[in-house]
Amino acid sequence: MSLTNRNYFEFFSLPKSFQVDADTLEREYKKLQTEYHPDKFADASDSERVQVLQHASLINDAYDTVKSPLKRAAYLLRLENIDPEEHNQSHLQEAFLLKQIELREDLEMLTAKKDLDGLEKMKGSVTSDRNTMLQNFEVCYLASELIEAKSLYNSLQFLFKLVDEIEAAEEKLLDY
Amino acid sequence: MAYSDKVLDHYENPRNVGRMDDDDENVGTGMVGAPACGDVMRLQIKVNKEGVIEDAKFKTYGCGSAIASSSLLTEWVKGRTIDDAAEIKNTEIAEELGLPPVKIHCSVLAEDAIKAAVSDVRKKRGKSE
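One line per chain: the protein sequences are R and Y, in this order. According to my numbering, the first sequence holds residues 1 to 176 in order. According to my numbering, the second sequence holds residues 1001 to 1129 in order.
In short, the hints are calculated from the structure, not lab data. Model, not experiment: these values are computed from the prediction. Just so you know, even glycine gets a beta-carbon here, dropped at the ideal spot from N, CA and C. Worth double-checking, as some hints may not be accurate.
What the hints assert, rightly or not - Quick partial rundown of chain Y residues pointing at chain R, CB under 10 Å, derived from the structure:
hint	residue
1	T1029
2	V1032
3	G1033
4	D1039
5	V1040
6	M1041
7	R1042
8	K1059
9	Y1061
10	A1116
Next comes chain Y alone, as it looks inside the complex (with noise of 0.2 Å):
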């Protein structure tokens, strides 16, 4: 199966590559797995006292969609508020990026990823939902 030219672009350039320090208490941590691929996601958000995402890393084994699929987030939250990132649906990724319906998952996991990176930081300054 080909990949869309999108997809190819940000595997072959994967924007935001990294880690940040999980101890910071303006770091949100997402970790999320898809266990039939075997793909494991890490995608952190570094938030200010506004609420504004001012940085965002992340580190994906698996497959083409799946790296894509969280590197484009990590784009698309930088700037966004954190209730506005905790919005953003799998649908849009797929859409962007043109997944095909049997990599649709991958989008999946990169929106549990930003939710469970944006109820960390929620969590870590006593506002947990």
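Bound-form chain R, shown alone (with noise of 0.2 Å):
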């Protein structure tokens, strides 16, 4: 199978959506590695091999992106023709951005005071948020409303990074 011009979608037999089915990912994942395991080339020739060795590169970068919603609303939004890196900062609501700087307040604060239980109370309300403006980009995506897909994405963008230093500052706190 050739994986040139065809979408990250298309690799593990999947629909061009936001919505993904996990088990046909992880099967045709599990599928392609196999079929391009470095190991079955081991006596084809060094541009074969190269050849392979980027397969499954690619192969690799489609499972990550497609397993990942944060990658997979920027890469959904690259097949649109959008950039979803565009600096600009109008594609952002003040109100939002005074709610990010108070939450960062929050956990500092919490990490300052060893407030595990906080923490997790944070990390709760945070990801149901980040939950919430998931669904919300999908049905903009839907409604092909992708400038307001894409300030849900940038949005989305620093919900993620709170919550992974949420959980970074629990497990500082935790001395994993």
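The task is to assemble the complex, starting from two chains supplied on their own in separate frames and drawing on the hints.
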């Protein structure tokens, strides 16, 4: 199978959609991993082996992209010729940014107080906001409201980073 | 990637961290963010009747370069008029701090922040552009 000129969803026999069937993704990923395993090409020519390695790396990138909701959102925007990373302050609401500063102040305070319960509660609340926003992204994407979808993607980037930071703070307190 | 000495200095001893009363009509607030790195920046200026910036405060959650860019900016804008401050270019900040190309966007964020703060104080004073 040639992987060029296919979108990442097609790699895994999935429709181009924000909803992804996790079982299909895992199953098809394993199939591809077997098909393009470097060991199978041990006797192949150098140029063939290089190509197989390139394919393996492309497959991994596709898997990461389709599996992660945030990367998948960015990829779907790219497929619609929208640059998800284009820097434009007008895509961010002032109230949203204000809330982001407050949340990071809360995180600092909870970390300083070593308040693990507080951190866990905060993680729950931010994760729930994030899930609502992911649903909103899908609604906008399906309605082809791509400017709004990009704005939601940019807001989601802050929330994903914040959840990572809360988890890092928790791990530090638990001394992992 | 190593930070320059100037970035480290601002990062370790940030100038003018804090907040001012946003309800004060002489205070302009600029809130900006960089989604790709999750950085958020709040820059506030206090402006007198002559349009001169008397004080500036910032709070930035982000990398060292973003913190240094906003810290340096608060030093630069004090004593300038708001018209002057709105003219500060990100390239001046990047040059002063010796930011590498991958960190230029941090100085852009600081420029966006001062512009937003100036436009906020103008709006409050009924001179919206």
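Quick rundown of the hints versus the structure:
1. T1029: holds, 9 Å
2. V1032: Where the cut-off is 10 Å and the nearest Cβ of chain R is about 6 Å from Y/V1032, the hint holds.
3. G1033: holds, 5 Å
4. D1039: holds, 9 Å
5. V1040: Because about 5 Å separates Y/V1040 from the closest Cβ in chain R, which is inside the 10 Å limit, the hint holds.
6. M1041: Status holds, d = 8 Å.
7. R1042: holds, 5 Å
8. K1059: holds, 6 Å
9. Y1061: Given a least distance of 4 Å, the restraint on Y/Y1061 holds.
10. A1116: Result: holds, 7 Å to nearest chain R Cβ.
No hint from the list above goes unmet by this structure.
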